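K.L.:
The residues making up each chain are set out below.
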Amino acid sequence: MCETSFPLNDLFRRRLQTGLVVACLTLSVASTLFLLLYSSRVGVGFATINENILTIGLTLIFAQFIGFVTILVFVVGAVLVSFTALLMMTQRTRDFGLIKATGCPNDLLFGYYVTELIIVTVLGCTLGVVLGFGADYALSSLSGFQLYHTPPNFWYTPAVFAVFFILALIFGTKPIGDALKLSPLTALSTVQYFGLAATGKAKPFTKSNLTAKIALRSLFRRKTATVRIILLLSVVFVLLTVSVSGSIIAKETTTSWIQDASGQSVIAVANESLAAQYKSLLSAFTGTSVNEGFNYSDPELAVPDSVIQQLQALSGIITVDERLILKEHVLETGNFTYTPNSSLTTYVGDEHEGDFVVVGVDPAHLSTSWDTQGRFLRGMDESNVVVGEWMSQRFFEQPLVESLRIEGKQFIVVGVCVDPIENGRVIYAPLQRLENATGINSPNLILLRIDPSADRAQTIAQISTVVSKTGSNLLAFSLDETVQNNVNFLSSTWSTVMLLPIFTLTSAALCLVAYVMLAIEEQRQEFGFLRAMGAKPRTVTGIVAIQSVIVLLSSLGFGLSLGTITTLLILMQHPLVTALTIAEIATWLLAALAAMFLLSLVPALRLARTPLLKIMT
Amino acid sequence: MAEVGEVAVSMRALGKTYVMGDVKIEVLKDVNLNLLSGEFVAVCGASGAGKTTLLNMISGIDKPTSGSVRVFADDLSDLSEDELSDFRCHKIGFVFQSYNLVSTLTVAENIAFPMEWARKPASEIEKRVATLLDSLGIRHRQNHFPAQLSGGEQQRVALARALANDPLLVLADEPTGNLDSVNAVKIIDILAMLKAEKKTVIVSTHDERIVQLADRTFCMENGTLASSHV
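As given, the protein sequences belong to chains A and B, one line each in that order. Under our numbering, the letters of the first sequence match residues 61 to 677, in that order. Under our numbering, the letters of the second sequence match residues 15 to 244, in that order.
If you're looking for bench data, these hints aren't it; they were derived computationally from the structure. There could be a bad hint or two in this list.
Straight-line distance between alpha carbons at most 35 Å, and here's what the computed DSBU-like set of lysine-lysine pairs gives [what the hints assert, rightly or not]:
1. B/LYS38 / A/LYS596
2. A/LYS596 / B/LYS200
3. B/LYS212 / A/LYS283
4. B/LYS213 / A/LYS596
5. A/LYS529 / B/LYS77
6. A/LYS596 / B/LYS43
7. A/LYS160 / B/LYS134
8. A/LYS596 / B/LYS212
9. B/LYS43 / A/LYS674
10. B/LYS213 / A/LYS241
11. A/LYS596 / B/LYS77
12. A/LYS241 / B/LYS141
13. A/LYS674 / B/LYS200
14. A/LYS283 / B/LYS38
15. B/LYS43 / A/LYS339
16. B/LYS200 / A/LYS241
17. B/LYS141 / A/LYS596
For clarity, every value in this text was computed on a predicted model and none was experimentally measured.
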């Protein structure tokens, strides 16, 4: 036996099994690498949370999701690699016995199989790196969003390669070591093959459902492998539930936050230049840069009272929302707070200061709404403000017990809202109080909510007529395109999160196929003799199908429950779940389950087409 | 139940060639044979003479390259895979040299499962299993798994399984080949019992005691029927 060619020959001899192991490894490495590269591009990598992309509140949700999905993908990858390495080596146990029986020393035998393991691992990890990078490159090339075009972090490559290489070696070397400790006779026994356990004590005779019994008992006899595949698929289903249901729920919820805060079907009226600036403030959410030097205080931007009165007189408008957008120097004002647990009164606040967009609104006439922690402004509020999430995270220590000063006037923070304006670097203040503080007495932006029962086109035409009659640079414009762009961005990002585990799912499906193939291999002769005794090909396929269903359903039960609990209780606060959302989630999960089940039947269907004599021998 | 004396198995110009790469191995060559219902036939010959292939052709496990096999009313070349399964389940009882019991089923369950496929009622299955366990002397082993039995006991279970659906034809491929003489005698006794019951039995064997039991003996040599003795 040539020492160098034996491992290669052995791998080629088991071409299909070698291919499956390499494919599983490749997909595990690729999925993990792709996930790390993708999350770093979106700005929610493990090292930093980049507040320049998405509002900080959404970034935190993304970070939580991607963090959790990454952990799960890594766990799946680790279990998957350990499982495939274990399968690859346990199925060689009988060969160990044969080679040992011919007098091959243990160290040489160990060398042969470790070499095989190293070849397969290096090949799988290298292909995984190429595929992971390729997928990331394809995403960044195909995506129209600016933030995907940042360079990837190359350091993830050696890290992922090393971790998976080591995992495969550790888990693959163990069964080799275990097999080496066996005597040749024990290694040759079928009991040692594929982790089989000898059937236990006598069982009373049952005279029905023997086909199902063959399936069940074979499954339980392969205890080690069955437990591992159920464990693997359970984690895969947790991952699938979290990423699919989480992404769908999060997409629905965050989309509704952004649509409500920006205004749906709202027509805005403002000076041309402010209109462009306001759109870019809303678009900062998707990474678009904002003109920092814009002069919001320019008297030219004011919307005249006469125009407002004409707009209020229009029949199809239900809300005329007057707003004053300014850039103001803001100072954080700390406060004392009582902590019941420690019975201590402590001072919070670091006296931060900076220039921020301040939007004056009339709480009694709002055309938009916000997802708010605390509360939004009310009609009687005079000296209260609501701050965006970036402010709450980066400017204040505990915003809801602190205050801020604008133009020397004190405002108490009563709420924190999710808002796309400058990615949450925004403060909402009562219009009257802001006008008093700044001395600017006219709003510069009017948001008009159109009565849904009115003729929308006609109402917009009336608004345009009022605006054009002023002869100034005033413009009536729709925010729909900007809002839609934000929604598309959210949709695209969540869809990518949802599809992140696709590699993992594929590799798990391949692993299930490998498991079924090996289970069939172990039962192959028995299946042949069952056929010789009169079993139809579909009876044998049925035995394999029963085994697949048991493995898949037990994994699904565990994975679905844990995944749902994780999504609703940990990852997503105030989830928006409708019947349609549930139907969408159910469709995805059922499709994945059905695909995995059908794929697991492929080896059994191949067996059904194999001539009986070939199966028996 | 077939009438004693009618043709049970008819082979015409039967040939089987296996192709392995560029090499063609002719295992059966122009075999012509008629076996009658109720006959006990022994097929002997050296290893590789084609005995097992002949039994595989009769049971529909393997398909001939040329010629035809007719078993009772069925021309096997006309049957689909599912029909062949039904044919084996209802008409054939096959005993292998290496027993080939289902390792995950108990002795009683191994005997019962061909009856389940034949859709026999549970009460009938239970009764038939009990009868076979008693007549083959393995009642005390009914709840044990194959791995817990001796070779002789496993072969008796295999015989009981072959007889479960009361087949028209019993095929046994070297049934005593893996057994010591004490256990072989028990199997030969069962075969003698089948002969007494006028079952149609074809046994491939090297065992002189089975040859002596046979109504007719055929010797195979290089894939052809070399001689026959009555």
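K.L.:
Which numbered hints turn out to be false for this structure?
P.N.:
The structure conflicts with hints 3, 5, 7, 10, 12, 14, 15, 16, although it agrees with all the remaining ones.
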